[in-house]
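A.B. asks: So you can see what is in the structure, the chains are spelled out below.
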Amino acid sequence: MNSSSSPTAVRAATRREFLCSLGAVGVASAALTALPGCEVAQLREGTSGEFQFDLANPTFANLALVGGMQSAEALGHKILIIRVSNAEYVALDRLCTHVFCDMGPDMAGHWDKAAETLTCVCHDSVFAKDGHVLAGPATEALTSYPVVVTNGIGLVTL
Amino acid sequence: MSRLTFAVVALLAPVVLTVPGHALPRMTLTTGAPCANCHVDPQGSGLRTDLGWYAMNQTGAWTWKQIGWDSLHNLEDNTLLDGKVSLGLDYRGQMARLGRPTRGTDGKVKLPDRQVIPMQLTPEIAVMPTDTVTVTGSMNASAFVKSYPGQSPWQAWARWQPSPNAPYVRAGMMQPSVGIRHDDHTMLLRSDAASPRQPMIPPDYADPGAEVGWAPSHWLLVQVGALLARNLTEAVPTVAKDEPGASGRLALFPQWLEAGLNGMAGASYLRAGDLQFTSGYVGVGKNYWGTLLFEASHAKRSAKHSTLNMMLHATVPVKDWLTVEARAERATSELGSQTAETRALVAGLQFEPLPFVELRPEYRYLVTDDYTLGQYTLQLHLFF
Numbered sequence: 001m002n003s004s005s006s007p008t009a010v011r012a013a014t015r016r017e018f019l020c021s022l023g024a025v026g027v028a029s030a031a032l033t034a035l036p037g038c039e040v041a042q043l044r045e046g047t048s049g050e051f052q053f054d055l056a057n058p059t060f061a062n063l064a065l066v067g068g069m070q071s072a073e074a075l076g077h078k079i080l081i082i083r084v085s086n087a088e089y090v091a092l093d094r095l096c097t098h099v100f101c102d103m104g105p106d107m108a109g110h111w112d113k114a115a116e117t118l119t120c121v122c123h124d125s126v127f128a129k130d131g132h133v134l135a136g137p138a139t140e141a142l143t144s145y146p147v148v149v150t151n152g153i154g155l156v157t158l
Numbered sequence: 001m002s003r004l005t006f007a008v009v010a011l012l013a014p015v016v017l018t019v020p021g022h023a024l025p026r027m028t029l030t031t032g033a034p035c036a037n038c039h040v041d042p043q044g045s046g047l048r049t050d051l052g053w054y055a056m057n058q059t060g061a062w063t064w065k066q067i068g069w070d071s072l073h074n075l076e077d078n079t080l081l082d083g084k085v086s087l088g089l090d091y092r093g094q095m096a097r098l099g100r101p102t103r104g105t106d107g108k109v110k111l112p113d114r115q116v117i118p119m120q121l122t123p124e125i126a127v128m129p130t131d132t133v134t135v136t137g138s139m140n141a142s143a144f145v146k147s148y149p150g151q152s153p154w155q156a157w158a159r160w161q162p163s164p165n166a167p168y169v170r171a172g173m174m175q176p177s178v179g180i181r182h183d184d185h186t187m188l189l190r191s192d193a194a195s196p197r198q199p200m201i202p203p204d205y206a207d208p209g210a211e212v213g214w215a216p217s218h219w220l221l222v223q224v225g226a227l228l229a230r231n232l233t234e235a236v237p238t239v240a241k242d243e244p245g246a247s248g249r250l251a252l253f254p255q256w257l258e259a260g261l262n263g264m265a266g267a268s269y270l271r272a273g274d275l276q277f278t279s280g281y282v283g284v285g286k287n288y289w290g291t292l293l294f295e296a297s298h299a300k301r302s303a304k305h306s307t308l309n310m311m312l313h314a315t316v317p318v319k320d321w322l323t324v325e326a327r328a329e330r331a332t333s334e335l336g337s338q339t340a341e342t343r344a345l346v347a348g349l350q351f352e353p354l355p356f357v358e359l360r361p362e363y364r365y366l367v368t369d370d371y372t373l374g375q376y377t378l379q380l381h382l383f384f
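Chains A and B are the protein sequences, given in the same order. Numbering-wise (the working numbering), the first sequence opens with residue 1 and increments by one. Numbering-wise (the working numbering), the second sequence opens with residue 1 and increments by one.
Treat each hint with caution, since some may be false.
[Claimed, not checked] In silico lysine-lysine, DSBU-like type, Cα no more than 35 Å apart, as pairs:
no.	chain 1	residue 1	chain 2	residue 2
1	B	K84	B	K319
2	B	K300	A	K129
3	B	K286	A	K129
4	B	K319	B	K286
It is worth saying that the hints were derived from the structure and are not from the lab.
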């Protein structure tokens, strides 16, 4: 057997080639991750103001009963309005603070009327009616907005 | 335009202007073989057949022998007991920035932290006690840490097919045959623009069900199934628990042999409770040239909630073990008077340094109504 066909010789040469190539891939990967300028982060945030809703409007029919929830979008905010009791309504940010699942009524939100808690069924985070975290994996509270309802007209201060 | 700029643009053009395929559509479009030729699951993904295993054992920039791992190189197949038992494994881990940008205490918008996420660790087995019966099961260890609502940590089903050209029946805990089962769980096709992290049909979704399938010729596959919604309820709350559902898929695999072209086209429908999920796709590919695939899906989640998602997806092979890929996606959602839109551009490489090892460096650009996030990601896929 000549040296060029020796398994050992072949293995040694190709291992070197392999390691060199791995190094090249590593350098290329490092170069890629060293391009922070190509990574982009922008936010479109809501603005302050007031959002009015009419309980007689069919859009808000979910709020006719205690325990009902309704999604709404206002001034760039995605909010969830919940009728906690006959006279008490709360408005919370609708996106779970864990991985931003939408907690709308036909999405990932489940309101427990008796316990007055909002569960995100995506990963089972639980929030109190004022937005604070009762159970993780979420660690940040949901932003809560004041709601006043007078004569069937609700006003959320964002 | 300077020579350097021209060279850079020329190099990047295939990445930006073409769209990527993932394993399954790319494989079918370049070889003309339906998914079931290489995967035990007729919808593709997961445990590989003898042919699928052998094909991947030949794919790599280097062989295991070349790096001194002769025992792996000398493996002949993934079966035991005279071919009656097949074994497989899929591991996927991804390094990515999870979540979305946030505003720091200094008022500046920050990228989310980069994390390494184990997405899948799935041992798979198939037992073929006779030529007509296959019993298969898999368990995704990483799904025990709930990643998506509706995900099932395990799947197991049995299939009976009296002869290769006869219809088959399969039943068990399985994913109904709907659209194309891509291996990238971030694709928007099965998602909702209002909440891209909540796919309607998540990766590893499975429910108790049964399906009849028939491929009367090599270019036609018809599948009709029924399911009992258990996990689907978590993903789409308008589907009641234990509500029965039905699915159907028609898949065509036309070939134009003189031109060397392979095609795929199909349509599928899934209904359970208020959810109606319709999907359609059409693609064309040529070996050593590349593939182009368009896919769209429409979902009616409730009387006032619907989604419409689209994807254009292409691959260009550079070598057997290196493929350039890119895709463009758009997802829209309507919920009453509210609308949402999410768009994504993804470009990257599928690099197989060794058989059964795949690296996917990618650049991902996601634009939602709430934020924009552009990031590099790296996925490692080890499989057998």
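A.B. asks: For each hint, tell me whether it holds in the structure or not.
C.D. replies: Each hint, compared with the structure:
1. Taking the CA atoms of K84 (chain B) and K319 (chain B), the gap is about 34 Å. The hint holds against a cut of 35 Å.
2. Our distance criterion of 35 Å between C-alpha atoms is met by K300 (chain B) and K129 (chain A), whose separation comes to about 30 Å.
3. Among the hinted pairs, K286 (chain B) with K129 (chain A) is inconsistent with the structure: their alpha-carbon atoms are about 57 Å apart, more than 35 Å.
4. Proximity of K319 (chain B) to K286 (chain B) is assessed by CA-CA distance (about 14 Å); at most 35 Å being required, the pair is judged to hold.
Of the hints listed earlier, the one the structure fails to meet is number 3.
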